[in-house]
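Got chain A sorted already, so can you dock chains B and C onto it with the hints?
Protein chains in written order, with the numbering used here: chain A, 2 to 278; chain B, 49 to 344; chain C, -8 to 644.
Keep in mind that the hints were calculated from the coordinates and are not lab data.
The beta carbon of each residue, even a glycine, is placed where N, CA and C say it ideally should be.
Hints should not be assumed to be uniformly reliable.
Stated by the list, open to error - Taking lysine-lysine pairs in the DSBU-like style, the calculated list, with each CA pair at most 35 Å apart, reads:
hint	chain 1	residue 1	chain 2	residue 2
1	C	Lys114	A	Lys28
2	B	Lys58	A	Lys26
3	B	Lys167	B	Lys155
4	A	Lys251	C	Lys114
Stated by the list, open to error - Not everything, but these chain A residues come out facing chain C in the computed CB check (under 8 Å):
hint	residue
5	Asp105
6	Asn154
7	Leu155
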Amino acid sequence: MTTATAHQPTSDKPKAVPGRSVIFKIKRCDGPGKPFRWESFKVPTEPGSNVISCLKWIAANPTTTDGKQTTPVVWDSGCLEEVCGACTMVINGRVRQSCSCLIDDYAPREGDTVTLEPMSKFPVIRDLWVDRERMFNALERVKGWVPIDGTYNLGAGPQESPEHQQMRYALSECMTCGCCLEACPQFLKEEDPKNWDTAFIGAQAISQARYFNEHETGARLKGDRMDVLTGPGGVSDCGNAQNCVKVCPKHIPLTESIGAVGRSATVHAIKKFFLGH
Amino acid sequence: MSDNAGFLQKHHFLIRRLHSLSGILPIGVFLIAHLVTNSSILWGGAALKARGQAEDLSLTQGGIAYFQEEVSWINTQVPHLLLIEISLWAAIAFHSILGIYYATSGKSNLAHYSYQDNKRYVLQRWSGYLGILFIFYHVATLRWGWTFLVPSGTEWSHHFSASTLAAAVQGSTSGYTAIGVVVSLFYFLGVSLLVFHFANGLWTAAITWGLTVSEQAQKRWGYVCTALGAGLMLAAWSSLAGAFLTDHDTALEVESAILVEEHGPEHLEHLIEEVMDDEDHDEHTLNTTDTDNNEG
Amino acid sequence: MSEQRVIVVGGGLAGLAASVRIAEAGLPVDLFSMVPVKRSHSVCAQGGINACNEVARQQGYSEYEHFDETIYGGDFLADQGPVLEMANWAPKIIDLLDRMGVPFNRTHEGFRDLRLFGGSLFKRTHFAGATTGQQLLYALDEQTRRYTAEGKVTQYTFWEFLYPIVENERCVGIVAQDMRTMQIRAFRGAAVVMATGGNGLIFGKSTNSVICTGGAASRCYQAGAKYGNPEMIQVHPTAIPGADKCRLMSESARGEGGRVWVPKNVGDTRRPTDIPENERYYILEERYPKYKNLVPRDIATREIFDVCVNEGMGIDGSNQVYLDLTHRDPDYLTEKLGGILDIYEKFVGENPRFTPMRIFPAVHYSMGGLWTTYTPGDYNPDSPLPAHKSGNPIPIDSNPGHGLTIGAPNNMMTSITGLYAFGEVNFAYHGATRLGANALLSCIFDGLCNGQSVVNYVRNEAPTVDTINQSVYDNAVKSEQDKHDAILATSREPSEASPEYNPYQIGIEMGDIMNAQSTVVKTGAGLTKCLDKLAELRERYKKVRLADGAMWTNQSLSYTRSVGDMLILAEAIAKAGLLREESRGSHYRTDFPDRDDDKFWKTSVATYNTSTQLSDIEFVEVKKGLVQSRPRTYGKTDDAKDTAKTPEPATAS
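The shape of chain A in the complex, shown without the other chains (with noise of 0.2 Å):
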């Protein structure tokens, strides 16, 4: 996050025309196997639009620039504050939430084009909606938490230093967006939940095992994880291109996971190897 100096800040963008017109591209699809089309609308902004504000102005008004009569864009979205991960999206290239995504930045003069596409590495349900089940099915083969006993009063539960509580705090914060993912080039597009237990897991999933590894209990479970992230599609297959520590929104230490899950893998292999287990 930045922070603040004492001096004005310096103009280095563009200002923004108020009161303009920009033009989304999108580009759309009707459903799985259905092919993708381009279409274009012309949106008229007002301070602080975003892409969300703009994807609604064309829900309620959804005319192409050919003046078509076309379907609303369909896509997902939730808080709105850059903390459920839902309108994850490929804006002008590159994959960010389209709720923090400010048209003035993007578009700040009358006629700018802003683009808008669904991820690319999950499988489309409708136009930029698509579905990423294949990250929290990748929760569940890591077994992504922790095996309390139950929830019965059973008093508090361990203690922890503030310096390690700030660390997997950093780690907690994962909305589960694909951020990561998308900008992964050793992830790619899997349409068939068979092979996802084979094809490469990705940050996400490493960083959350580490996660629950560092939690005392959580650590109980750290054998299971460890073996399904020295299986095929595991931590091995990371290419060390650290695009996912670039892209996170929540700037989780990404790439320190993957270290520290391939330490734990190294011992565990070493483990498993002369202890058998």
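Using the frame of chain A, we list chains B and C on its own:
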């Protein structure tokens, strides 16, 4: 699923780690030794003089002599050389084949995510592909004697290490040819990419194995790998510059002198005959022996 | 015969806590959610979760005091038993969350850290950074995933609840629709737990997520479930109005010297920094010379609202005022408020250190919700007790069962037997306004404590749903399919796209009128006007025209359907507000500025009248008897009387 894929999946992690390891041991270690040895053609003269040896030789001649001695030692003193070589080739083959398999399982996306790390990710893969081609050419021409791939048609000999090398990269025994310059450029590209591949691979291996976890550690290790890479790059370019700049005849003269000194003139003639019998078309390789004999 | 199953609708904190508890007790759960449960609105809660703790306890705090604070904070409108039980469970809930791995902030020694929050003099709020709701939701999501992996919970993600199935006055299942394939089908369930959250979208742009339409609650309401205190809507005074939604701006901005102002000249288009001091109207400083910008939250909310809505002095004629920090040193601001200023910068694109922020109150939380009942616990004092003083002996310990009879099948059951309401969608805990950091608690408490009630109901009282005639379910599906097809058919009607019948336009107009007349400052005239407008919108809605005729992933259809449901709930909200002729908690009537315990210490209970298609409101005695009523002043009675300026009633024109 085929048995092949089953085996790969069952031992996925082990194979991945062996792939990573093989890049360092033996390939990386060999690379370091190889480049240091080869670059001695440039700095060997100074080294000899520092030891107070070869006072009658110029720096250039000293370098050739030093290089020749190193090569001779390897080829005559190192036990089970062939076995070592075969192991090395096997390791390279293992690293290459798996590397291609792994690299083609990714899909680079530099167009929209042109971060420095991502560029290195892409370069790591392309340096691998080209590196394999280069190593194959390099070994085939200079070790396996596939002289039809050598523009000068000469065969490399460990008795005449610098002169035959010079001929191979310069395109002829009598100076530079156009095709020789192309070969040299290919060498330049090949060794540079391989040095990058090794240094960058060393950096990523530390993450893969979990040696560097924190961002700072990765950064610090990055400096170490950069320094090592820079050093090796210097050695690689020195080796290549040495081979490219070494005058064939001067080298042959120094090499012959060493042979004569160590084994007597008969041995030299015997060697020359051997080579003549082997390769009837490269007569001028050794013909020049008698000409500019007294230069220097 | 297969096992009796439980249906949980909604995968936020309440729904997940319920799923975990019910699955743990051995009943299979079918969990329905319109979004992957990890994206539920609970994720937005920032501040923390309240609970008595050892540090506070040794300073004189207690679970009982937490209970007392909550009743007092809610202006005595909440039924008292469930609140006592919730406060008593709170520390145990924190322990459980701790065991689940929630990264609560820590002290140096490694204990859970605490922060001070509104409504208490003790540090009793546990927190995990600035994303406590996210962390708690994730912890419960993880436990749910564990049960899902074990086959005890079946998740129906991207399924929208359409209607409860009621047979012989008992809820025996639901009709739901796959939002992708548009398939409509019935699900049998021996009990149904509604955990569908709030209804902020009725008010247009709120702080809520886009899924918080209140549609599910409205459908239960239309099916006969009563709705309690619909008019009790919490408005947060300082939110960042965005083009798509409103995002919270912490009150600490005012605490650090933020000044609230608008240009004196209506329609002044100059940049705020170019407007000279003498042409600025410092709303709170001029109206409240004593407290200035630090007036209590509700007063600030009302004055900002008044200036914009009633006097039309908002910036550029919009509902926005400046919250100005630019007179403070930027480095100081970064040190004190860095996080929240960065959020503003991220979503607005302006640096609040150099440009005044634009803010406006925004709808935040619905205290009201589906009316629920309960079986009281064993604590029944002879007469209600006066205010609890910190450190005094507590009248009752914190063991379970004092406020509610644990496991009683009717706990948090709606007026439809077998249909439960947990979390924000019920009306049970927060009375007329909610204390900060109590929302997360009430959601988890419902799931964990009252999940047991669901289990007991299913085991002991519920009909065997597998033996119910299939025609009951087929008819329910047909009814929903017909409604669905009717809306879909409008997309094929040839008509020039008149905005009058555009569902989005109807939604916008509903939000505008509800926000203006039924939130911060209410008047009889304004609410009447609001009801008239809602009637007009309902008429227009009958001719609504859908722009998308797709039979696959038709979001427009889903939205259009929920607009109809929102209009019905909106009417109940406005009408209850009109009939409650007093001011209590978040409900502020300028024409009735005082609390009137004699007439209105009562829950407003709305019943949907299927013949008029409007709400019938009755006022039912609050279940009290534990603590006495007292004025809710927070010790500022005299000052507030001295300086309070009652905003003028909104004109009906």
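Comparing the hints with the structure gives:
1. Using a Cα cut-off of 35 Å, the hinted pair Lys114(C) and Lys28(A) is violated, with the two alpha carbons roughly 51 Å apart.
2. With a C-alpha separation of about 46 Å, the suggested pairing of Lys58(B) with Lys26(A) is violated against the 35 Å cut-off.
3. For the suggested pair Lys167(B) and Lys155(B), the alpha carbons sit about 13 Å apart, so the restraint of at most 35 Å is met.
4. Note on Lys251(A) and Lys114(C): the hinted pairing holds, with a Cα-Cα distance of about 29 Å set against a maximum of 35 Å.
5. Taking 8 Å as the C-beta cut-off, the interface hint given for Asp105(A) holds, the closest approach to chain C being about 5 Å.
6. Nearest Cβ of chain C to the Cβ of Asn154(A): about 5 Å, under the 8 Å cut. The hint holds.
7. A cut of 8 Å between beta carbons decides the hint on Leu155(A): the least distance to chain C is about 7 Å, and the hint holds.
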